[in-house]
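Asks: Next come the chains, spelled out residue by residue.
2 protein chains.
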Amino acid sequence: MQWYFIAALLTILTSSQGILTTLSQSNGGYSYDYATVPFLAEIFKLVVSTFFLWRECNSSSPPRMTTEWRTVRLFPIPSVIYLIHNNVQFSTLTYVDPSTYQIMGNLKIVTTGILFRLFMRRRLSTLQWMAIVLLAVGTTTSQVKGCGEASCDSLFSAPMQGYMLGLLSACLSALAGVYTEYLMKKNNDSLYWQNVQLYTFGSIFNMARLLLDDFRVGFENGPWWQRLLSGYTITTWIVVLNLGSTGLLVSWLMKYADNIVKVYSTSMAMLLTMVLSIFLFNFKPSVQLFLGIIICVISLHMYFAPVHMLVDLPVTSKRPTDTLKEVTVQQAGE
Amino acid sequence: MQWYFIAALLTILTSSQGILTTLSQSNGGYSYDYATVPFLAEIFKLVVSTFFLWRECNSSSPPRMTTEWRTVRLFPIPSVIYLIHNNVQFSTLTYVDPSTYQIMGNLKIVTTGILFRLFMRRRLSTLQWMAIVLLAVGTTTSQVKGCGEASCDSLFSAPMQGYMLGLLSACLSALAGVYTEYLMKKNNDSLYWQNVQLYTFGSIFNMARLLLDDFRVGFENGPWWQRLLSGYTITTWIVVLNLGSTGLLVSWLMKYADNIVKVYSTSMAMLLTMVLSIFLFNFKPSVQLFLGIIICVISLHMYFAPVHMLVDLPVTSKRPTDTLKEVTVQQAGE
Numbered sequence: 156m157q158w159y160f161i162a163a164l165l166t167i168l169t170s171s172q173g174i175l176t177t178l179s180q181s182n183g184g185y186s187y188d189y190a191t192v193p194f195l196a197e198i199f200k201l202v203v204s205t206f207f208l209w210r211e212c213n214s215s216s217p218p219r220m221t222t223e224w225r226t227v228r229l230f231p232i233p234s235v236i237y238l239i240h241n242n243v244q245f246s247t248l249t250y251v252d253p254s255t256y257q258i259m260g261n262l263k264i265v266t267t268g269i270l271f272r273l274f275m276r277r278r279l280s281t282l283q284w285m286a287i288v289l290l291a292v293g294t295t296t297s298q299v300k301g302c303g304e305a306s307c308d309s310l311f312s313a314p315m316q317g318y319m320l321g322l323l324s325a326c327l328s329a330l331a332g333v334y335t336e337y338l339m340k341k342n343n344d345s346l347y348w349q350n351v352q353l354y355t356f357g358s359i360f361n362m363a364r365l366l367l368d369d370f371r372v373g374f375e376n377g378p379w380w381q382r383l384l385s386g387y388t389i390t391t392w393i394v395v396l397n398l399g400s401t402g403l404l405v406s407w408l409m410k411y412a413d414n415i416v417k418v419y420s421t422s423m424a425m426l427l428t429m430v431l432s433i434f435l436f437n438f439k440p441s442v443q444l445f446l447g448i449i450i451c452v453i454s455l456h457m458y459f460a461p462v463h464m465l466v467d468l469p470v471t472s473k474r475p476t477d478t479l480k481e482v483t484v485q486q487a488g489e
Numbered sequence: 156m157q158w159y160f161i162a163a164l165l166t167i168l169t170s171s172q173g174i175l176t177t178l179s180q181s182n183g184g185y186s187y188d189y190a191t192v193p194f195l196a197e198i199f200k201l202v203v204s205t206f207f208l209w210r211e212c213n214s215s216s217p218p219r220m221t222t223e224w225r226t227v228r229l230f231p232i233p234s235v236i237y238l239i240h241n242n243v244q245f246s247t248l249t250y251v252d253p254s255t256y257q258i259m260g261n262l263k264i265v266t267t268g269i270l271f272r273l274f275m276r277r278r279l280s281t282l283q284w285m286a287i288v289l290l291a292v293g294t295t296t297s298q299v300k301g302c303g304e305a306s307c308d309s310l311f312s313a314p315m316q317g318y319m320l321g322l323l324s325a326c327l328s329a330l331a332g333v334y335t336e337y338l339m340k341k342n343n344d345s346l347y348w349q350n351v352q353l354y355t356f357g358s359i360f361n362m363a364r365l366l367l368d369d370f371r372v373g374f375e376n377g378p379w380w381q382r383l384l385s386g387y388t389i390t391t392w393i394v395v396l397n398l399g400s401t402g403l404l405v406s407w408l409m410k411y412a413d414n415i416v417k418v419y420s421t422s423m424a425m426l427l428t429m430v431l432s433i434f435l436f437n438f439k440p441s442v443q444l445f446l447g448i449i450i451c452v453i454s455l456h457m458y459f460a461p462v463h464m465l466v467d468l469p470v471t472s473k474r475p476t477d478t479l480k481e482v483t484v485q486q487a488g489e
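Sequence lines, in order, name chains E and B.
Residue numbering for the first sequence follows my numbering, starting at 156 and increasing by one per position.
Residue numbering for the second sequence follows my numbering, starting at 156 and increasing by one per position.
Hints were generated in silico from the structure; no laboratory data involved.
What you were told as hints is all true, and nothing was included just to trick you.
Pulled from the structure, derived: some chain B residues nowhere near chain E, Cβ distances all over 10 Å:
(1) Leu-164
(2) Ile-167
(3) Gln-172
(4) Phe-194
(5) Phe-206
(6) His-240
(7) Ser-358
(8) Trp-379
(9) Trp-380
(10) Trp-392
(11) Val-430
Cβ-to-Cβ under 7 Å is the rule here; a few derived chain B residues that face chain E:
(12) Thr-281
(13) Met-285
(14) Thr-296
(15) Ile-449
Some chain E residues judged to face chain B by a derived CB distance under 10 Å, without partners named:
(16) Gln-283
(17) Ala-286
(18) Val-288
(19) Leu-289
(20) Thr-295
(21) Thr-296
(22) Val-299
(23) Val-442
(24) His-456
(25) Met-457
(26) Met-464
(27) Asp-467
(28) Leu-468
From the three backbone atoms N, C-alpha and C, an ideal C-beta is built for every residue, glycine too.
With the rest of the complex left out, here is chain E (with noise of 0.2 Å):
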């Protein structure tokens, strides 16, 4: 499979996330507990890879698997990662208003091709670089808040702790995604057995964040089981699968592709769900999104495009029978 393909196909999920998600409320709340999804679709995960790993290992080629305790233990790492970047998360919003984080967030872009860069040892051209902080830029220039809004917080009044931690924020998400990617490509492993260690401790370190909200509270919903599944609606159990089947995608990209692509996959889903937006719930299009849409766009051409559709080669280094296919894949996996 192409890694555009899937690249393409994760954009289009993870846009549907925002609008199913949003489908799935019922006047303007949730009749679910929202935060029961993340761990069915870590179990969705865990079920699926399961069946397809099963299917590799009766298969006449088996699977490749390294069941040394050395390697299985560093899969916990990504979950660990992500519960930490939970509460730096939850920290930050003390400090910063949601929009000003959102902002932020787009620095995430930037340190995963830092993060990237360092740990993968991938050499990025100047090209890439200028692509990929054009990619932070246009995705903030969508997101700036327009003339007439109705609620106006500077960007540039929050104390510097809600900066710093707002950094630390995009650091910890980058690096999540980036030590995924190590793991993946650490060994030949098959992706299915990958997936099934990665997604064994993922819905553990769910539950266990399930069940310390539920301490934090003092049990006043009740156990999170007996809230598992109530006021789940048909949408609902659609944004599960379609939340587990993201990262599926997520975990093929990381071990086939890298973080760069999947960077660049969910900044644009992220502009196709504003783009859908319009025309779903009526929101109004602004200058800002056109702009960071054009911005955006070109910043993917920058990145993924081969130099010799973008520049002129003197004449000795035109390979003329080069498919454009051929040397996308060349670059990818340079």
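Since the structure of chain E is provided, determine the placement of chain B on it from the hints.
Replies: The following block gives chain B in isolation, referenced to the frame of chain E:
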């Protein structure tokens, strides 16, 4: 002289123009007739160019001067285009509000690129086209009205004629620039001789415009020559000299560099003015301005940086003996 030195100087002077014009106001209005400023600037440019031409004529190698009517008759054309442009601008403003007009003005960057390609037959790489679009997007981003601003005119609410006239205005402005470049590069005539022709017609057309304005209001403010220097302060004279100097620099760039260099200079000047206004006039810095600056700086680098600085070229096409300067000059003249 290197073109980038002149371009940087043009940026500084163009940026000063806005600030000096604001400083020349007293009690929020002009104590002088602003329409007389461009006329005097035209006279200043004519005097300076005549002086340098006279010096060239007395030097050991007299300047090349084509005095045939076939060539001279082309020099009023830029003035005619500017006159039409002024009237279109005036009509546009009856349909759209000034901030929408300002935003549409950035279209000029893209139309200049297109006309430059068509008339000057200069091939631009895909990367350079993307850079030009980004420059327009970047300047637009910096001008987007932020949250909580006083007037909130919508960009999308003007009648169709307004947008059509805005587009025509952008085309005319670009046409005047590209046509001037064509004139200056048409032959190897002395720059000063070309300037003398350009500014003679410029002065005449400016005078005609002042007279026309007088007729329009039925001479209620008296004829223009009576208002010419009334209310002029030392700052007003600096505004005149500054405007004249920017004109001379533009003329130099048209002959020895090109319209794209000019467009970058004036766009950067617009951003510089906004940054300086934060310090000088207590303007509130906006996220949009910050994002716009990043976009324009990246665009500048994309357009002008030599290819080997942007991407990793195959070894065969690298020429390690090239210095940055040499490659830049080759790019500009290719």
